[in-house]
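Visitor: Following the hints, complete the assembly by docking chain B onto the known chain Y.
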Amino acid sequence: MPSNTLVIVGAGPGISHKTAEVFAQKGFESIALIARNKERLEKQAETLRKASSSTTVKIYTSDVGDDETLKKTFQQIEKDFGPPEVVLFNAARIEPSEIGKEPASSILKDFQIMNIGLYVTISWAKPLLEERAKDRKQAPYPCMFLSGGAVADTPIPPVFALSMQKV
Amino acid sequence: MKTFDAVSGEKGVHVAVANIGGEVKDEDPVINAKNISQTYWGLYTEDKDSWRHKVDIGVK
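Protein sequences, first through last, are from chains Y and B. Heads up: the first sequence runs through residues -13 to 153, numbered per the working numbering. Heads up: the second sequence runs through residues 5 to 64, numbered per the working numbering.
The shape of chain B in the complex, shown without the other chains:
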């Protein structure tokens, strides 16, 4: 993915990894499907100068 980012990032493609810190459970306050899905939407709408390429979700 990092190579993809290195090659295509400058061509305007936003490459990013959701770094999920544990088992995905509905009951978890952070590591739940809803939160992760909203993170993906947030990544999609990000301005180029704020692009994140690795987002930690519930990483200790």
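Chain Y on its own, in the form it takes in the complex:
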């Protein structure tokens, strides 16, 4: 079976780092981490390599809200690793925000990340995941996951902007 790659869009030190660790330890051969902060990505990649020496980890610097750069990033990942087995969309801006005080420009930025970024991700991943799924007769199946938030239904006022990002 062609090797398994996990792609994390919006890789951070929390959920996605642990998820990468789990998938690496369970035998995923490759992990692609996408985020803006190169230094932090490098540190995370190092930790992952130490946790699983047989896993190849590559980092890609991109603002998830920048659709042109993100598209190019996905093309590079496909060149480096081939089609993904699992894509995790994990990006979000979680910062204190007060309703009425948050500028429209930052809400718009959030929309870029959460809607356009997600759309660009799905546009890229869809045909690749479908192709991998074609002859799969039993679990596991190729996946796309979203780190979503119940905050869309049950808001947390100190981070109100987050509820506009989450489904």
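Hints are computed from structural coordinates only; laboratory data are not their basis. If you're wondering where the values come from, they're calculated on a predicted model, not measured in any experiment. The beta-carbon is built from N, C-alpha and C at its ideal position, and this holds for glycine as well. Heads up, a few of these hints could be off.
Per the computed footprint, the stretches of chain B lying under chain Y, defined by three or more beta-carbons under 8 angstroms from a beta-carbon of chain Y, are [claimed, not checked]:
no., stretch
1, 8 to 18
2, 35 to 41
3, 44 to 52
No more than 25 angstroms apart at the CA atoms, straight line, and that leaves these computed lysine to any residue pairs for SDA-like [claimed, not checked]:
no., chain 1, residue 1, chain 2, residue 2
4, B, 15, Y, 119
5, Y, 95, Y, 26
6, B, 64, Y, 0
7, Y, 95, B, 8
8, B, 64, Y, 85
9, Y, 12, Y, 95
10, B, 38, B, 54
11, B, 6, Y, 113
12, Y, 57, B, 5
13, Y, 123, B, 58
14, Y, 120, B, 63
15, Y, 4, B, 26
16, B, 15, Y, 95
17, B, 38, B, 63
18, Y, 57, B, 9
19, Y, 36, Y, 22
20, Y, 44, Y, 23
21, Y, 120, B, 53
22, B, 58, B, 7
23, Y, 29, Y, 62
24, Y, 12, Y, 69
25, Y, 112, B, 10
26, B, 38, Y, 40
Here are a few chain Y residues that sit away from chain B, every Cβ distance over 10 angstroms (derived from the structure) [as the list claims (entries may be wrong)]:
no., residue
27, -11
28, 3
29, 7
30, 38
31, 61
32, 85
33, 91
34, 94
35, 116
36, 133
Guide: For chain B alone, coordinates are given in the frame of chain Y:
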């Protein structure tokens, strides 16, 4: 994501959302990175007839 599921689910792609009910903290018994990461692994290995598409994690 639901549209993606509607279109690609029948083609064998498992689309799912982790519905996280609060701030992710190591000290939280449910809403912690370890639990969420294991949820993702569980979703990955799920049989088609048990596919979950939305998993509540610490939702009140």
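Visitor: Now look at each hint and say whether the structure bears it out.
Guide: Results of checking the hints against the structure:
1. 8 to 18: holds (count 7)
2. 35 to 41: holds (count 4)
3. 44 to 52: holds (count 8)
4. B:15 / Y:119: holds (7 angstroms)
5. Y:95 / Y:26: Distance of about 21 angstroms is within 25 angstroms: holds.
6. B:64 / Y:0: Measuring from Cα to Cα gives roughly 22 angstroms; hence the hint holds.
7. Y:95 / B:8: The given pair, whose Cα atoms are some 23 angstroms apart, holds under the 25 angstroms limit.
8. B:64 / Y:85: Roughly 23 angstroms separates the two Cα atoms, so the pair holds.
9. Y:12 / Y:95: violated (35 angstroms)
10. B:38 / B:54: OK: residue 38 of chain B and residue 54 of chain B at ~22 angstroms, within 25 angstroms.
11. B:6 / Y:113: With Cα atoms ~16 angstroms apart, residue 6 of chain B and residue 113 of chain Y stay inside 25 angstroms; holds.
12. Y:57 / B:5: holds (18 angstroms)
13. Y:123 / B:58: Judged against 25 angstroms, a Cα distance of about 23 angstroms means the pair holds.
14. Y:120 / B:63: violated (35 angstroms)
15. Y:4 / B:26: Cα-Cα ~17 angstroms, so holds.
16. B:15 / Y:95: With Cα atoms ~33 angstroms apart, residue 15 of chain B and residue 95 of chain Y exceed 25 angstroms; violated.
17. B:38 / B:63: holds (17 angstroms)
18. Y:57 / B:9: holds (21 angstroms)
19. Y:36 / Y:22: Given that 25 angstroms is the threshold and the Cα spacing comes to 22 angstroms, the pair holds.
20. Y:44 / Y:23: holds (14 angstroms)
21. Y:120 / B:53: It holds: about 17 angstroms lies between the C-alpha atoms, which stays within 25 angstroms.
22. B:58 / B:7: With Cα atoms ~14 angstroms apart, residue 58 of chain B and residue 7 of chain B stay inside 25 angstroms; holds.
23. Y:29 / Y:62: holds (21 angstroms)
24. Y:12 / Y:69: holds (19 angstroms)
25. Y:112 / B:10: holds (12 angstroms)
26. B:38 / Y:40: Roughly 21 angstroms between the alpha carbons, so the hint for residue 38 of chain B and residue 40 of chain Y holds.
27. -11: Nearest chain B Cβ is 15 angstroms from residue -11 of chain Y, so the label holds.
28. 3: violated (7 angstroms)
29. 7: Residue 7 of chain Y is in fact no farther than 10 angstroms from some Cβ atom of chain B, at 7 angstroms.
30. 38: holds (14 angstroms)
31. 61: Since the minimum Cβ distance to chain B is about 20 angstroms, residue 61 of chain Y lies beyond 10 angstroms and the statement holds.
32. 85: holds (18 angstroms)
33. 91: holds (25 angstroms)
34. 94: holds (21 angstroms)
35. 116: violated (5 angstroms)
36. 133: violated (6 angstroms)
Consistency note: the structure conflicts with the earlier hints numbered 9, 14, 16, 28, 29, 35 and 36.
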